[in-house]
Amino acid sequence: MDLFALAVGNLTSPIILSFALGLFAALARSDLSIPEAVAKGMSIYLLFAIGFKGGVAVDEAGLSGTLLGALLGAVVLSFALPFAAYALLRVMTRLSALDAAAVAAHYGSISIVTFVAGTSVLESAGLSYDGWMVAVAAAMEAPAILSALWLVARSGGGRQMDGELMREILLNGSIVLLIGSFVIGWVTGSEGLARIESFIVSPFQGVLCLFLLDMGLVAGRGLRNARGVLRPGLLTFGVVMPLVGAASGAAAGLILGLGTGSTMLFMVLGASASYIAVPAAMRVALPEANPSVYLTLSLGVTFPFNLTLGLAIYLAVARFLTGG
Amino acid sequence: MDLFALAVGNLTSPIILSFALGLFAALARSDLSIPEAVAKGMSIYLLFAIGFKGGVAVDEAGLSGTLLGALLGAVVLSFALPFAAYALLRVMTRLSALDAAAVAAHYGSISIVTFVAGTSVLESAGLSYDGWMVAVAAAMEAPAILSALWLVARSGGGRQMDGELMREILLNGSIVLLIGSFVIGWVTGSEGLARIESFIVSPFQGVLCLFLLDMGLVAGRGLRNARGVLRPGLLTFGVVMPLVGAASGAAAGLILGLGTGSTMLFMVLGASASYIAVPAAMRVALPEANPSVYLTLSLGVTFPFNLTLGLAIYLAVARFLTGG
Amino acid sequence: MDLFALAVGNLTSPIILSFALGLFAALARSDLSIPEAVAKGMSIYLLFAIGFKGGVAVDEAGLSGTLLGALLGAVVLSFALPFAAYALLRVMTRLSALDAAAVAAHYGSISIVTFVAGTSVLESAGLSYDGWMVAVAAAMEAPAILSALWLVARSGGGRQMDGELMREILLNGSIVLLIGSFVIGWVTGSEGLARIESFIVSPFQGVLCLFLLDMGLVAGRGLRNARGVLRPGLLTFGVVMPLVGAASGAAAGLILGLGTGSTMLFMVLGASASYIAVPAAMRVALPEANPSVYLTLSLGVTFPFNLTLGLAIYLAVARFLTGG
Amino acid sequence: MQTHPAKRVEIIIEEVMEKRLTSALLGADVTGFTVLPVKGGSGRSGHWSRAGQVGRATGMVSVVCIVRPDRLDTLLEAAFAVVEPHIGVVSVTDCEVLRAERF
Amino acid sequence: MQTHPAKRVEIIIEEVMEKRLTSALLGADVTGFTVLPVKGGSGRSGHWSRAGQVGRATGMVSVVCIVRPDRLDTLLEAAFAVVEPHIGVVSVTDCEVLRAERF
Amino acid sequence: MQTHPAKRVEIIIEEVMEKRLTSALLGADVTGFTVLPVKGGSGRSGHWSRAGQVGRATGMVSVVCIVRPDRLDTLLEAAFAVVEPHIGVVSVTDCEVLRAERF
Ligand SMILES: Nc1ncnc2c1ncn2[C@@H]1O[C@H](COP(=O)(O)O)[C@@H](O)[C@H]1O
Ligand SMILES: Nc1ncnc2c1ncn2[C@@H]1O[C@H](COP(=O)(O)O)[C@@H](O)[C@H]1O
Ligand SMILES: Nc1ncnc2c1ncn2[C@@H]1O[C@H](COP(=O)(O)O)[C@@H](O)[C@H]1O
Ligand code: NA
Ligand code: NA
Ligand code: NA
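Each protein sequence line maps, in turn, to chains A, B, C, D, E and F. 1 is the number of the first residue of the first sequence in our numbering; add one for each residue after it. 1 is the number of the first residue of the second sequence in our numbering; add one for each residue after it. 1 is the number of the first residue of the third sequence in our numbering; add one for each residue after it. 1 is the number of the first residue of the fourth sequence in our numbering; add one for each residue after it. 1 is the number of the first residue of the fifth sequence in our numbering; add one for each residue after it. 1 is the number of the first residue of the sixth sequence in our numbering; add one for each residue after it.
I should point out that these hints are in silico values taken from the structure, not numbers from a laboratory. Positions of the beta carbon are idealized from the N, C-alpha and C atoms, including for glycine. One or more of the hints may lead you astray.
Each computed SDA-like pair below joins lysine to any residue, with the alpha-carbon atoms no more than 20 Å apart [to be verified]:
| # | chain 1 | residue 1 | chain 2 | residue 2 |
| --- | --- | --- | --- | --- |
| 1 | F | K19 | A | A28 |
| 2 | E | K19 | E | Q2 |
| 3 | F | K19 | F | P69 |
| 4 | D | K19 | B | L170 |
| 5 | F | K19 | F | P85 |
| 6 | D | K19 | F | H86 |
| 7 | E | K19 | D | A51 |
| 8 | E | K19 | C | P287 |
| 9 | D | K19 | D | T3 |
| 10 | E | K19 | B | L27 |
| 11 | F | K19 | A | L243 |
| 12 | D | K19 | D | P85 |
| 13 | D | K19 | A | A28 |
If you want a taste of the chain A side facing chain B, the calculated C-beta under 8 Å gives, among others [stated by the list, open to error]:
| # | residue |
| --- | --- |
| 14 | S13 |
| 15 | P14 |
| 16 | S18 |
| 17 | L21 |
| 18 | S30 |
| 19 | A37 |
| 20 | S128 |
| 21 | P203 |
| 22 | G206 |
| 23 | C209 |
| 24 | L230 |
| 25 | R231 |
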């Protein structure tokens with residue numbers, strides 16, 4: 001019953017409860033809302049902090065040979081998962097090929113907040129992870145988009161990937177900030193950390209609470225506006241696909257011989273679905289795909305599932321597999 | 001001269017001086033201004049922090065039987081104070097029935113920043129208070145609006161209260177966030193607090209300073225634009241009514257047998273006037289009432305009075321009455 | 001090689017690297033951006049914190065007679081530097097008299113972020129400085145504008161300085177906030193500081209990092225849009241003029257007999273160029289001057305130069321001159 | 001390029017009334033509109049600015065709505081019912097649109 | 001519905017000039033206007049964006065002003081005096097308004 | 001005052017397409033335009049609001065562009081090429097401008 005206790009402990013953490021509060025407020029049509037600029041500010045803070053801390057950890061622990069393998073595994077996973085998602089969607093739902101490909105791109109990519117929540121769970125459990133896992137996360141952001149565009153092109157639709165879009169995807173703000181602060185953390189090391197620790201370490205969990213409050217609000221508003229969209233087939237997909245992704249992440253972790261913490265995070269990356277970078281790319285590249293399908297699924301179904309149950313499951317499985 | 005020393009000590013706190021700086025800057029027509037999004041972000045932070053800490057305090061101290069009584073007293077007070085305010089206004093000023101009712105609604109409701117400043121004064125004085133006073137504060141936000149609408153309806157004006165407006169008032173952002181974070185704090189207890197303490201406790205006073213700087217700016221701008229409105233009668237009301245409200249709050253505290261801290265906060269709630277929730281409700285329900293009257297009175301007169309002199313008086317009286 | 005080590009140490013601080021990251025992201029046309037409201041919020045925080053800490057330092061150390069002399073020196077310097085800048089520009093570049101005067105105003109005034117970065121360097125080096133140097137900084141903001149307008153008037157152009165513009169310049173937000181928080185810090189002293197220390201002291205360096213990230217983004221965008229403007233002559237001016245300003249600042253420091261830290265900061269003030277207050281004043285008073293010249297020069301050339309090399313040089317020179 | 005006549009309606013209204021207005025529009029089958037933020041303004045009830053405001057009592061928004069000419073009256077009636085007791089400005093301009101089938 | 005002819009004047013002007021413009025309008029007895037924020041733009045002096053800006057030197061605002069036709073010239077003269085040496089765009093459109101008594 | 005006829009084009013388009021649109025405009029030698037932020041809206045693809053959003057997938061912007069009448073077609077063609085497969089509304093209004101030499 002370890003898993004159960006963990007799930008309950010996780011469910012009653014301030015982080016999850018803040019998300020639930022936001023969800024409740026939006027569904028009850030409260031006018032509670034967080035300004036767009038503040039939400040963006042918090043996301044910049046979280047990306048900077050998680051990247052920086054990852055870099056410092058690498059500076060302290062040194063780079064094991066595993067990093068390159070992990071990056072490679074991440075890219076392969078991000079390329080491959082959309083195919084699994086696409087196949088599942090075509091079987092489980094009646095989405096068009098175009099919509100299915102657009103959704104699939106989200107599941108090959110990742111959600112950095114889910115990753116951050118995963119590191120919180122690890123910390124609570126007293127487990128450590130490799131600092132370079134943030135680089136692995138960054139590496140998984142973009143490849144899935146290419147797979148999705150390929151799937152669309154194959155079925156005769158979509159527009160060609162132009163260089164401009166490619167540049168936009170690879171240099172999108174989240175990737176640049178995450179990698180950039182990772183490098184800064186690595187270069188400045190623990191001395192650098194000491195100077196800004198009381199900014200990026202101490203208040204981190206609190207900012208995460210308010211950010212999740214906001215995500216609950218946005219997800220709740222999305223669910224209200226998209227009631228018609230969420231057929232049972234899609235809902236099921238939104239819960240099954242993360243498990244598939246997590247299983248692939250676990251396989252990658254085992255093959256690479258990662259520790260418990262990093263394996264769990266690899267599962268989280270596999271399981272999570274993008275809700276920032278990929279939707280924006282889809283609006284540009286596949287304008288005919290229905291955004292309320294992919295946004296609702298990613299933010300309204302898979303994100304809450306991962307946050308509430310998924311993380312506990314992935315940790316338990318990672319422990320079991322790695323004997324951690 | 002205890003009261004005097006307290007007033008001076010209070011007047012030279014960074015919080016009050018920040019408010020004064022904002023007031024000065026606005027009256028001198030400096031272009032200093034805080035972006036709307038940042039101001040809203042700070043208010044969300046303050047509500048979340050004060051609610052959460054209240055909930056944790058309840059978890060630690062347990063719920064005494066007093067809470068229910070206090071909630072009931074709060075609702076009664078919020079319903080009743082608008083009648084006193086309305087009567088005073090009709091006697092002391094030449095406001096129309098409509099404007100008088102709109103102003104009265106503000107004084108039955110509360111200002112959460114004044115409450116927060118009250119808790120700061122208590123902390124400086126080394127006094128504690130019941131954590132559930134934040135729930136009491138939330139309970140006083142809305143009832144006064146109903147009294148005011150009833151007063152208007154009786155004199156033949158106004159619009160009927162529709163279900164939509166009722167929902168808006170009861171689920172307005174401040175109430176939902178305050179109650180929500182109170183519940184989160186209660187559920188997660190001191191373990192939850194430990195995780196986010198360096199976000200919601202340590203920087204609290206500093207954020208309050210910047211927030212009061214902003215309130216000074218907004219109040220100063222309001223005073224400049226509403227010079228014509230503030231006749232002597234209204235000005236006097238803006239200082240007398242808080243004393244009436246504080247007296248009622250003191251009575252409630254004594255009847256319920258509250259301690260010094262909670263009695264003082266009850267006085268603060270009675271004395272303070274809303275400047276967020278009630279004005280918005282008045283724009284919807286009583287569009288013909290003049291907003292510059294009630295906004296200027298609440299934010300430009302009563303708020304500064306409470307902040308500078310009121311809090312010191314209420315603390316002294318609460319100490320005297322409860323022997324604390 | 002002390003200077004070299006210092007420069008390298010400075011170059012690999014999180015602060016500088018954050019600026020470099022922003023610069024890189026903008027030049028690579030990443031869509032990374034910090035919302036305007038958040039950037040303004042951070043600048044308000046930095047001004048409030050630096051002013052407050054300066055005031056507390058004065059309360060603790062007492063006011064030496066030097067302050068008045070330093071203020072006087074600051075005003076003289078701010079009046080005088082534009083003439084030097086104007087002469088250099090007319091010799092080194094082909095800017096019109098109008099554009100040259102507009103640029104000159106920026107170099108007589110100051111950049112408060114450069115000042116803040118200077119205090120960081122001092123702290124890292126374990127050196128202290130007089131708290132009232134923030135008042136000296138404030139005193140240097142405005143006089144340079146008058147010199148520039150006089151230069152333009154002499155050459156027959158420009159508009160007359162009206163009272164309204166004068167008021168705007170003297171009461172501009174940065175000056176009011178800096179002086180205001182300085183006074184608050186002075187009045188409340190170390191007792192006041194204790195209450196808000198974990199807001200204005202601990203997270204300061206971290207906020208500075210994100211603010212410099214933003215400045216890098218803005219500077220990079222400016223450089224991209226103003227490629228045509230930056231002729232070699234102008235570029236050289238952007239590096240030479242800070243050295244002239246720093247030399248004047250050093251002279252002022254020596255004449256006034258300031259310590260190493262304050263002398264270094266006086267050099268920083270002389271060397272730095274305004275990018276907030278003066279550009280706005282120039283838009284109003286000299287609308288025909290080309291803003292991309294002065295903005296690019298100040299933010300895109302001189303600011304990075306000061307940040308990366310300048311500060312290290314000024315510290316070394318200040319140490320040498322004062323024997324500190 | 002081929003364009004088609006349409007009407008551009010701009011409704012400047014209090015932020016607190018935004019949801020009521022858009023519900024009324026949707027209720028009248030006007031499903032296309034765009035809401036722009038407003039920074040400040042001036043009118044018979046004086047000058048105002050959103051700078052530093054936390055409450056919603058003093059803000060306005062601008063709702064822009066492009067409709068086929070024959071839908072104008074329905075729109076104006078729906079809007080008027082909401083705006084009537086409130087402050088707010090309704091203006092209508094003739095315009096031409098691309099892709100008329102969207103309106 | 002009954003509408004009345006009016007003029008919609010849109011003045012896109014530098015943020016630093018906003019207060020001067022609105023004072024000039026109020027001075028010319030034009031008391032109704034609404035100020036919209038602007039995110040960015042492009043003109044002869046190049047491209048700009050407010051993203052991440054702290055200073056006010058590069059921003060613009062859009063001032064929308066609906067007036068009775070016979071007040072147009074007063075308004076334009078007041079506006080022109082402010083805009084003249086500065087960058088900025090003034091455009092006038094014919095429109096129809098509800099509740100003419102408000103203008 | 002002396003005014004000159006011109007066209008006011010308003011293009012409401014997805015934020016993700018903003019840069020592509022303005023590049024197309026600049027490419028067609030339309031160098032003057034102003035971008036306004038948008039708070040929310042509604043259309044055939046439903047209701048949306050920017051409140052609390054971090055991503056850019058759901059936002060729109062409004063690009064206002066004032067041109068000489070003879071430049072209108074070039075502008076519309078450039079804009080249409082970008083807008084065509086995307087959601088977005090293009091409207092054109094007749095207007096009068098001061099200082100025609102600027103356009
Ligand atoms: N003639 C007008 N043109 C543009 N906006 C106006 C006009 N009159 C009023 N407004 C806007 O509507 C708000 C309320 O107007 P009022 O009810 O006259 O105080 C003002 O603050 C402006 O934002
Ligand atoms: N033709 C135009 N249409 C719309 N806005 C314009 C136009 N021309 C200039 N602007 C705006 O005015 C600003 C300054 O223009 P300019 O003085 O030409 O650089 C630009 O950045 C735009 O925001
Ligand atoms: N008729 C209209 N008038 C004004 N804005 C519109 C109109 N139709 C659509 N929009 C805007 O364009 C967005 C997308 O429209 P749609 O493609 O119909 O969903 C909407 O959310 C609105 O912001
Ligand atoms: Na994934
Ligand atoms: Na009250
Ligand atoms: Na200088």
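Results for each hint:
no.: 1; hint: F:K19 x A:A28; result: violated, 37 Å
no.: 2; hint: E:K19 x E:Q2; result: violated, 35 Å
no.: 3; hint: F:K19 x F:P69; result: violated, 24 Å
no.: 4; hint: D:K19 x B:L170; result: holds, 17 Å
no.: 5; hint: F:K19 x F:P85; result: holds, 16 Å
no.: 6; hint: D:K19 x F:H86; result: violated, 27 Å
no.: 7; hint: E:K19 x D:A51; result: holds, 14 Å
no.: 8; hint: E:K19 x C:P287; result: holds, 16 Å
no.: 9; hint: D:K19 x D:T3; result: violated, 32 Å
no.: 10; hint: E:K19 x B:L27; result: holds, 16 Å
no.: 11; hint: F:K19 x A:L243; result: violated, 38 Å
no.: 12; hint: D:K19 x D:P85; result: holds, 16 Å
no.: 13; hint: D:K19 x A:A28; result: holds, 15 Å
no.: 14; hint: S13; result: holds, 7 Å
no.: 15; hint: P14; result: holds, 5 Å
no.: 16; hint: S18; result: holds, 7 Å
no.: 17; hint: L21; result: holds, 4 Å
no.: 18; hint: S30; result: holds, 4 Å
no.: 19; hint: A37; result: holds, 4 Å
no.: 20; hint: S128; result: violated, 18 Å
no.: 21; hint: P203; result: holds, 4 Å
no.: 22; hint: G206; result: holds, 2 Å
no.: 23; hint: C209; result: holds, 6 Å
no.: 24; hint: L230; result: violated, 24 Å
no.: 25; hint: R231; result: violated, 29 Å
In summary, the structure is inconsistent with hints 1, 2, 3, 6, 9, 11, 20, 24 and 25 from the numbered list given earlier, while agreeing with the others.
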